[in-house]
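Peer 1: Assemble chain X onto chain W, guided by the hints.
Protein chains in written order, with the working numbering: chain W, 1 to 367; chain X, 1 to 551.
Think of the hints as simulated: they come from the structure by calculation, not from any bench. Quantities reported herein were computed from a predicted structural model and do not represent experimental measurements. Hints may contain errors.
[To be verified] Have a look at the derived ranges for each label pair, beta carbon to beta carbon:
hint, chain 1, residue 1, chain 2, residue 2, range
1, W, 3, X, 247, 48 to 54 Å
2, X, 493, W, 329, 43 to 49 Å
3, W, 26, X, 274, 43 to 49 Å
[What the hints assert, rightly or not] So the derived list for chain W, only partly shown, Cβ under 10 Å to chain X, looks like this:
hint, residue
4, 268
5, 275
6, 298
7, 336
8, 344
All residues carry an ideal CB built from backbone N, CA and C; glycine is no exception.
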Amino acid sequence: MADPTTVLVTGASGLVGAEVTARLTAAGHRVLAVLHSNGDIVRNNGKKLTAPQAALRRLSGDVTRPGLGLDAEDLRAVARADRIVHCAAVTDFGRPEQLYRDVNVAGTRNVLDLARGHRVPLVHVSTAYVCGERDGTAREDELDIGQHLGNAYERSKLEAETLVRKAAADGLPVAVVRPSIVTGAARTGCVREFKTLYPVVKLITQGLSRTVPGHYDAALDLVPVDYVADVVTEVCERFGEARGLTLHAVGQAVTLREFSDVLAEYPSFQVARFVPPSSFSAAALPARERAYHERVMSLYESYFRRRIRFDNTNTAAFSRHPVPRGGPAYLRRLLDHCLKAGYLGAAPPRRPAPAPALAPTDGSTQA
Amino acid sequence: MILTEEQLQGLLDTSLATLPPGPDWAVVLEGSIAEGFGNPSSDIDFLLIGRDEADLPTMPSLLFVDGRRVEIRTRSVRQLADQFAALEVGAGRPGRLSEDLLNRCQRFLGSHPLRGHALVDEVKGLLRVERFQEIAGAWWAHRARQSLRHAMALDCLDESAEAADWVRAGLVQAVKSWAAGRGETYLEPKWLSLQLERAGRPDVRDRYWALDAAAGAAQGEGAAVHAYLTECLAFAAELGVTGVPLRPERLTVERASRVTTWQTGERVHVIRDRRDVFALGDRAGAVWRSLVLGRPLPDVRDAARATGVADCGPLLAAFLRYGLIRLAWKGAGTVTPALPLAAPPGPVTPPPHSAAPLLSVHGAAVSGPDGVDLVPLPAERFSAATMALVWSNVVVENAREDLRGALQRGQWQVAELTARRAVHAALRGLFSAYGVNPLPADSDLVRRLPLLPPAARALHGRADRLLGRTVSAPEEGDRLSAELGDFVGLVRDTAGADAFPSSFDSADTWRATLELGYDWLRIGTYLDAALPLEEARDLVASNGVQPHQAA
Chain W
1 MADPTTVLVT GASGLVGAEV TARLTAAGHR VLAVLHSNGD IVRNNGKKLT APQAALRRLS
61 GDVTRPGLGL DAEDLRAVAR ADRIVHCAAV TDFGRPEQLY RDVNVAGTRN VLDLARGHRV
121 PLVHVSTAYV CGERDGTARE DELDIGQHLG NAYERSKLEA ETLVRKAAAD GLPVAVVRPS
181 IVTGAARTGC VREFKTLYPV VKLITQGLSR TVPGHYDAAL DLVPVDYVAD VVTEVCERFG
241 EARGLTLHAV GQAVTLREFS DVLAEYPSFQ VARFVPPSSF SAAALPARER AYHERVMSLY
301 ESYFRRRIRF DNTNTAAFSR HPVPRGGPAY LRRLLDHCLK AGYLGAAPPR RPAPAPALAP
361 TDGSTQA
Chain X
1 MILTEEQLQG LLDTSLATLP PGPDWAVVLE GSIAEGFGNP SSDIDFLLIG RDEADLPTMP
61 SLLFVDGRRV EIRTRSVRQL ADQFAALEVG AGRPGRLSED LLNRCQRFLG SHPLRGHALV
121 DEVKGLLRVE RFQEIAGAWW AHRARQSLRH AMALDCLDES AEAADWVRAG LVQAVKSWAA
181 GRGETYLEPK WLSLQLERAG RPDVRDRYWA LDAAAGAAQG EGAAVHAYLT ECLAFAAELG
241 VTGVPLRPER LTVERASRVT TWQTGERVHV IRDRRDVFAL GDRAGAVWRS LVLGRPLPDV
301 RDAARATGVA DCGPLLAAFL RYGLIRLAWK GAGTVTPALP LAAPPGPVTP PPHSAAPLLS
361 VHGAAVSGPD GVDLVPLPAE RFSAATMALV WSNVVVENAR EDLRGALQRG QWQVAELTAR
421 RAVHAALRGL FSAYGVNPLP ADSDLVRRLP LLPPAARALH GRADRLLGRT VSAPEEGDRL
481 SAELGDFVGL VRDTAGADAF PSSFDSADTW RATLELGYDW LRIGTYLDAA LPLEEARDLV
541 ASNGVQPHQA A
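Isolated chain W (complex conformation):
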């Protein structure tokens, strides 16, 4: 075990944040968990996190407010923290632009102010998709290279990470972890909540989206939530070695062709036809499919165009956790879990599903 430290975790009830909190408390660290609501911290396996009272202190806060909205007593505790792990973010797509700005950009600014004020080293959880819409290899040392960003979420995360880099240039000790698309646990495929890519898979497998613009050699990088939490925790514990680094916490990408081949292994699943974006016309879709496309699929379709690979040289050199073996076998585990949990495999609803539910603003999955 590393020397016990006190760690402030924002977004501690989010998918990654909860697992990081669990790992830190299990390793003997004391966690100050910033929570937007008074709910429990639920682990990825759906069980409530149990930790000794001394190891876990819940702080009621809001990252969108200065000082994270903490009261004076909590702020005094924060001042004594050894690390801040900033997981809080809105990661759902299709939300109002202002929400991304408030939570992801202003929230990061507020966290940076707190960190700078007390000279607390910061572990910032970003996203690998700050790379934007491009092909080829995205390196860990790249940030703003004029890339075209896929959506408001990516724009907000790039802006937030840029703020973090500026703070680092001004002397704040910082390390950045960039997960790709955070999905179920590596071994079981289990996931606490079906967000980000999951609704897309649901629409496709139920045949509600039959024609999707995309390239069969586009790559989706799916990374297990447990691996991401392991890397974030490790960076926190071995901050001296990680300081200044940006680490891609990524898996092994699956191409759309592999994705489609794996879907075909499930008798009940429909397999969408991916058509060249240049040939695709949402207006030509049947009315019901067009509705689904506009409400859900269009938010994610840029991920079906990118032929991107994430270089993870820094992570491989730093982390003692092996890069998860992804690919079709991992995808099958994810889908099997979806079937087991009843998320997939049910009869299609008669009417379009509602837009993705509002996410808590104190933490969620990364995409």
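Peer 2: Chain X only, in chain W's frame:
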């Protein structure tokens, strides 16, 4: 034993005299006679044991001595020791323990020594008889569980007659497991009656035979088979074959490796092992599409019934039989039933379906709504032929469009060439519909029409006439266009492509054509099949972007 020691030694002397001089063998008598079974027509099985380091041949020498068939096998001490060691290693996973290995070990351990008693005892001492009984008992019990679980699945799927047969197989395996624990380890079930006589439990013996006799009575009638299954499961549990409660919900439907589903239009195709294509009729397709992997078999059956196919059991059983799905028992892995000392279990392959024409742009022909029909083409050729059919149709439409343009402008020679292109494309579609792939050269298409059934051959004359037509005036052009239209219509009727959209009529029909093309290309790409056009490969395998247009 049915033969005396003296008779056996005499048979051995005579047998050895026919063999070339060899080492000083130790010899045992193996098999049914050594076990105390046998009859006058039983083989005499001698095993010769040497201390050679080299492997001795496995193939027996066959002799006929005094009217008896004599088999002589040889094994070195090391080979026998290796057999026992392999048996111990495999004992932890009885499902993977080779029946042949178990049989060889049993036959030696149960053998009667004739020569070299000290060496025989030494080798037999390498594995305790009690340990072998445990291993053999576990091996039979494992098989009994598989058979009984499989029977339970078939019972759940209303395949009563087949279920009864598997119950009976499981019953034999269960009682063999029990008998092995009492020293009756001889594998061949032929002598089961004598084994049960010797086992010293007349109650077990009598109950077994009563249940065995009841199998016939239960055949084919659902409630009777279910009752029979229930009774046999209870008996098996009493015999020590635990882990098979009558709870079909513990059976789950699981993914079979390398089985994929591809739908084109309404036709569902299931591709097994990237090689065999099964075309499913409407009802079979609906049942297949209702399958949710990982769910309990009764739930899967109920969901299939909810599609409107009340008698879905036989369809689900066919999927299982053909290896398109797999059954697992919760906590115990895949259910792999095997009859006692029979061929290894595995998927059945039905005879290929013989429809003609075989293919349409929407997929393979089927025998009827319940068809689970094996397409008589390897998957790759199926896919290539169907893609060629689709693209032929596209080219026909394209050429006819070009013909109209050429005629409007009085470009007579262009019109002639374009019409020929349309005829060739239509013929390519026709050949493809019958599964011909790769296709003959365009110049050879008409000559190769005799490859096809008579209905298709009838197009020979019309095709020849059209290919020879010249145009020098508008009226001739109109006639050519009309005859070409008739010809294409006939080809489409013959090839079953009448539902194909006229690709250039509107943006919608063009889109429908493209979608169909994408679907077939996708299957072809999955199979790494030859695509009819390089451009088509580009659409799927590369970025899909039109090269001269921004995405």
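Peer 1: Regarding the hint that residue 344 (chain W) lies at the interface with chain X, is the smallest CB-CB distance below 10 Å?
Peer 2: holds (8 Å)
Peer 1: Do the beta carbons of residue 26 (chain W) and residue 274 (chain X) sit within 43 to 49 Å of each other?
Peer 2: holds (45 Å)
Peer 1: For residue 493 (chain X) and residue 329 (chain W), compare the CB-CB distance with the range 43 to 49 Å and indicate the outcome.
Peer 2: holds (47 Å)
Peer 1: Would the hint on residue 336 (chain W) be counted as holding, given a Cβ-Cβ threshold of 10 Å to chain X?
Peer 2: Where the cut-off is 10 Å and the nearest Cβ of chain X is about 6 Å from residue 336 (chain W), the hint holds.
Peer 1: Can residue 275 (chain W) be said to touch chain X, with a Cβ gap under 10 Å?
Peer 2: Interface hint status for residue 275 (chain W): holds (6 Å vs cutoff 10 Å).
Peer 1: Is the hint on residue 268 (chain W) kept, meaning its closest Cβ partner in chain X is under 10 Å away?
Peer 2: holds (5 Å)
Peer 1: Could you say whether the range 48 to 54 Å given as a hint is met by the Cβ separation of residue 3 (chain W) and residue 247 (chain X)?
Peer 2: At 53 Å between Cβs, range holds.
Peer 1: Once the shortest beta carbon distance from residue 298 (chain W) to chain X is found, is it less than 10 Å?
Peer 2: Violated. Min distance 15 Å.
Hint 6 alone, counting from the list given before, is not met by this structure.
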